[in-house]
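Student: Residue numbers (this note's numbering), protein chains in the order written: chain A, 100 to 572; chain B, 100 to 572.
Hints are supplied without guarantee of correctness; some may be wrong.
As the list claims (entries may be wrong) - Capping the alpha-carbon separation at 27 angstroms, the derived lysine-lysine pairs in BS3-like fashion look like this: (1) A:K317 x B:K317; (2) A:K404 x B:K317; (3) B:K538 x B:K558; (4) B:K558 x B:K508; (5) B:K508 x B:K538; (6) A:K225 x B:K508; (7) A:K404 x B:K225; (8) B:K404 x A:K317; (9) A:K225 x A:K317; (10) A:K538 x A:K508; (11) A:K538 x A:K558; (12) A:K508 x A:K438; (13) A:K558 x B:K558; (14) B:K225 x B:K317.
None of these hints come from the bench; they were simulated from the model. This structure is a prediction, so every number in the text was calculated from the model and none was measured.
Protein chains: 2
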Amino acid sequence: MLNPADQAFATALAETLPDGVVGPVAPSYLEDPRGLFRGIGQVLARPGTTAEVSRIVRFCAERSVAIVPYGGGTGLVGGQVKPDAPEPLVLSLERMAAIREVDTGGNVMVAEAGAILAEVQAAADKADRLFPLSLASEGSCRIGGNLATNAGGVQVLRYGNARDLCLGIEAVLPDGSVYHGLRRLRKDNTGYDLRNLLVGSEGTLGVITAACLKLFPKPAETATAFVTLASPADALALLTRLGDTLDGLVSAFELIHAQGLRFVGETRPDVRLPFADIPGWSVLVEIGGGTGSNVTERLTLALEKAMLSGQVQDVLLAQNESQRQEFWTVRESTPEANKRIGAISSHDISVPIHVLPEFIAAGQDLVAGFGPLRLNCFGHLGDGNLHFNVFPPNGASRADYLHLREPVKDAVHDLVHQVDGSISAEHGIGRLKAGDLVKYSDPAKLAAMRSVKQALDPKGIMNPGAVLAVSAQ
Amino acid sequence: MLNPADQAFATALAETLPDGVVGPVAPSYLEDPRGLFRGIGQVLARPGTTAEVSRIVRFCAERSVAIVPYGGGTGLVGGQVKPDAPEPLVLSLERMAAIREVDTGGNVMVAEAGAILAEVQAAADKADRLFPLSLASEGSCRIGGNLATNAGGVQVLRYGNARDLCLGIEAVLPDGSVYHGLRRLRKDNTGYDLRNLLVGSEGTLGVITAACLKLFPKPAETATAFVTLASPADALALLTRLGDTLDGLVSAFELIHAQGLRFVGETRPDVRLPFADIPGWSVLVEIGGGTGSNVTERLTLALEKAMLSGQVQDVLLAQNESQRQEFWTVRESTPEANKRIGAISSHDISVPIHVLPEFIAAGQDLVAGFGPLRLNCFGHLGDGNLHFNVFPPNGASRADYLHLREPVKDAVHDLVHQVDGSISAEHGIGRLKAGDLVKYSDPAKLAAMRSVKQALDPKGIMNPGAVLAVSAQ
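The following block holds chain A by itself, in its conformation from the complex:
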């Protein structure tokens, strides 16, 4: 049984910490970007050190008070807001934002959890290194949250997701103890993989306070192309061709449907579309290599062969950095365009790569079965990760179609489950999908997850309701 983080609690907690750590919570900490949840809570803690985080968690554990760890607040599944009583303590890492170290020779950086992703990228860049994690919210999301949710983004194909980019973590466990795991080793087989257990646990098993991150040499040469294709099947064939000939240099392979380009056209007149006539399907592909890797020549050659084989219709190769930026602006405007149009239901899914074309076709039929809805299906094809978002008919009001959210979502997730895909490719479970996790998860895995949660957080204070509970929705 949990107790609320009320004013009496706040006063008692504040006495154990430096001034300014404990205060009232601002409304922004109780909102989520999609407005699906409304958090409750009065008390905000903003510790400045790992020792303070430890003291706060121990204090809460002793009093059975819930904690909601808070990063940049950009999560899309409600993991950062607790809508149901009792009121939790909101624990923001924003004041622990230091880049503790950049080791260029070892290709390693140590960053505190509150560091904003864009600042982590910039610190790597300053050391002539690349930190490849890249997503739409990189200007405001924080690396601790990226790790807690195992964030993905556009470069997973080549560099992996947040999990793959993390060598070690420092974390405060639910009893307040500190796990000093900032290892920077490429090989370390000393016991169970506690790091990967905490990464992706969405704050339900502990609070990540710092991480040791992998850095990479910056590609000296980059080639970027926008290509149009007849179908997802052709896109898949192109991906295989590029993978076979370009030995892992493909860093982005973004599938874009005509609907996405139309949405960008409607909502962002300032964004220049690369094609006069909007193609049915297009792919934004980027490869990068070291000096002498001839990526432009090799990409051009591969795309020429693809055209000859009929896999590709039209090819635009970026002639300079500004044109490259132009191409990327189109892709990166898509989430904002979707938001302005207003989806009925959004789905962050992944399926085995070889079934992608059949899945997209089946998904289109499925959505059509609900009426004249609009579908924007786009994403990181190379990872089998699709953002499969459903919108009201042109000119119709979103409100008139919100009753379809649940049935559409259920139908899409059922289809994903049938092909052994994932109902959450990169956004996590949070509270939005906690019910679907119970519905679709392997029973043995679910039971093991509950045992692990009970073992590490017996009082259930860490982000209760996230991941392992029926959605509050």
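Based on these hints, arrange chain B on the given structure of chain A.
Tutor: Frame of chain A; chain B shown alone:
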């Protein structure tokens, strides 16, 4: 309190399974390659299906009988043999050796746990794909054991260790339930990372029965060179140079000390050494790329620059495949040569890459402090992984120096711990290092590991004594 797997147990278990699954255990199942442990046990189970594994584990759980999962038996830390009472059931996966599927387009293979690593490699090769996990025992170790111990090897630098090469697993948990986790998704954020919890748990949290493995395009061009250098510091500088210019194409960077070449010379007259005069230090480097990646030209250019800068003394570039094989034979003969010479103490360690040169120097001094011992320090420099093996003086008998094993091991591990390295880079903890895990592990991590073990295996039947217990030695 555990019960022995005695004849009565064997008879009862056999009745629940097809003929031939349960039988007497052959002596070979009770030995480890280094002869450090002597296992006990009378009963061997060799299931042919996951359902049979499930039935066996449930049967043992109901009767509180210990299980030692058995792969190829090649582990070097005694994880595969239980030397202390009560007698366990030895559970060999050898009859579950099928390659269930090879998906060339999706770059995925599904292999059963008993498949021998070399056969997994061959199945990938047959599909014109690469499964990069490669280690000395690949002819007899089994993929289930490779995953249970998170095996490393020579290509981790580019492709990662067993953990990184695994997309999903099927496993039987300690209560006999089956975790159906053969996902082939590149992105899947649906709950805690049960896969990585089982990978590397050395059979103490469950039995891996099958795995979904990553495949890669085969490099179309390969360049291999044997270079001599003055010091590990120069080797490190060369590694950084190659990493910065060859964008992740470096698949092997093996540091070799003169002592290793001398051992090969002494014990393997059939192996041709590449240098007339044995160099103090040398590195075997290999890079591979796709068509048009010009790896030979680029490696040659990089090595020329390294020579000009004095980082490299002498360079032998393999002129053809047979010379490449000759180079690799030297490296791959080292473990066998070490075995024939007979180490007093062997150490599988990793340290942060940037401290490697200082660590090696300090380690040499440390060993010299014990007398005229011989040190063979070699390994996967790119991963910070050294095999740091100590041998008796030339002509002396190993037996006369075995009293130094513990003090030498303790001194080496203390030094590793001081630089925040790992006392087990790739071999795991098993029983040999269970005591050192307690000694050197982060206390919060150790407590969390114990909680997780208790939660998933409350009766403690899965490989008791391995990882989480004081070594039986």
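Student: Holds or violated: A:K225 with B:K508, Cα cutoff 27 angstroms?
Tutor: 41 angstroms, violated
Student: Straight-line Cα separation of A:K508 and A:K438 no greater than 27 angstroms?
Tutor: 17 angstroms, holds
Student: Decide if the proposed pair is consistent with the structure: B:K558 and B:K508, CA atoms, cutoff 27 angstroms inclusive.
Tutor: 33 angstroms, violated
Student: Holds or violated: B:K538 with B:K558, Cα cutoff 27 angstroms?
Tutor: 25 angstroms, holds
Student: Are A:K404 and B:K317 close enough, with their CA atoms no more than 27 angstroms apart?
Tutor: 20 angstroms, holds
Student: Regarding the pair B:K508 and B:K538, is the alpha-carbon distance no greater than 27 angstroms?
Tutor: 13 angstroms, holds
Student: Sort out whether A:K508 lies within 27 angstroms of A:K538, counting only the CA atoms.
Tutor: With Cα atoms ~13 angstroms apart, A:K538 and A:K508 stay inside 27 angstroms; holds.
Student: Are A:K558 and B:K558 close enough, with their CA atoms no more than 27 angstroms apart?
Tutor: With a Cα-Cα distance of about 23 angstroms, the restraint between A:K558 and B:K558 holds, given a limit of 27 angstroms.
Student: Does the structure keep A:K538 and A:K558 at a Cα separation of 27 angstroms or less?
Tutor: 25 angstroms, holds
Student: Regarding the pair A:K404 and B:K225, is the alpha-carbon distance no greater than 27 angstroms?
Tutor: 25 angstroms, holds
Student: Given the hint that B:K225 pairs with B:K317, does the C-alpha gap stay at or below 27 angstroms?
Tutor: Since the Cα atoms of B:K225 and B:K317 sit roughly 11 angstroms apart, the hinted pair holds (cutoff 27 angstroms).
Student: Does the structure keep A:K225 and A:K317 at a Cα separation of 27 angstroms or less?
Tutor: Holds, because 11 angstroms separates the two Cα atoms, which is no more than 27 angstroms.
The earlier numbered hints that this structure contradicts are 4, 6.
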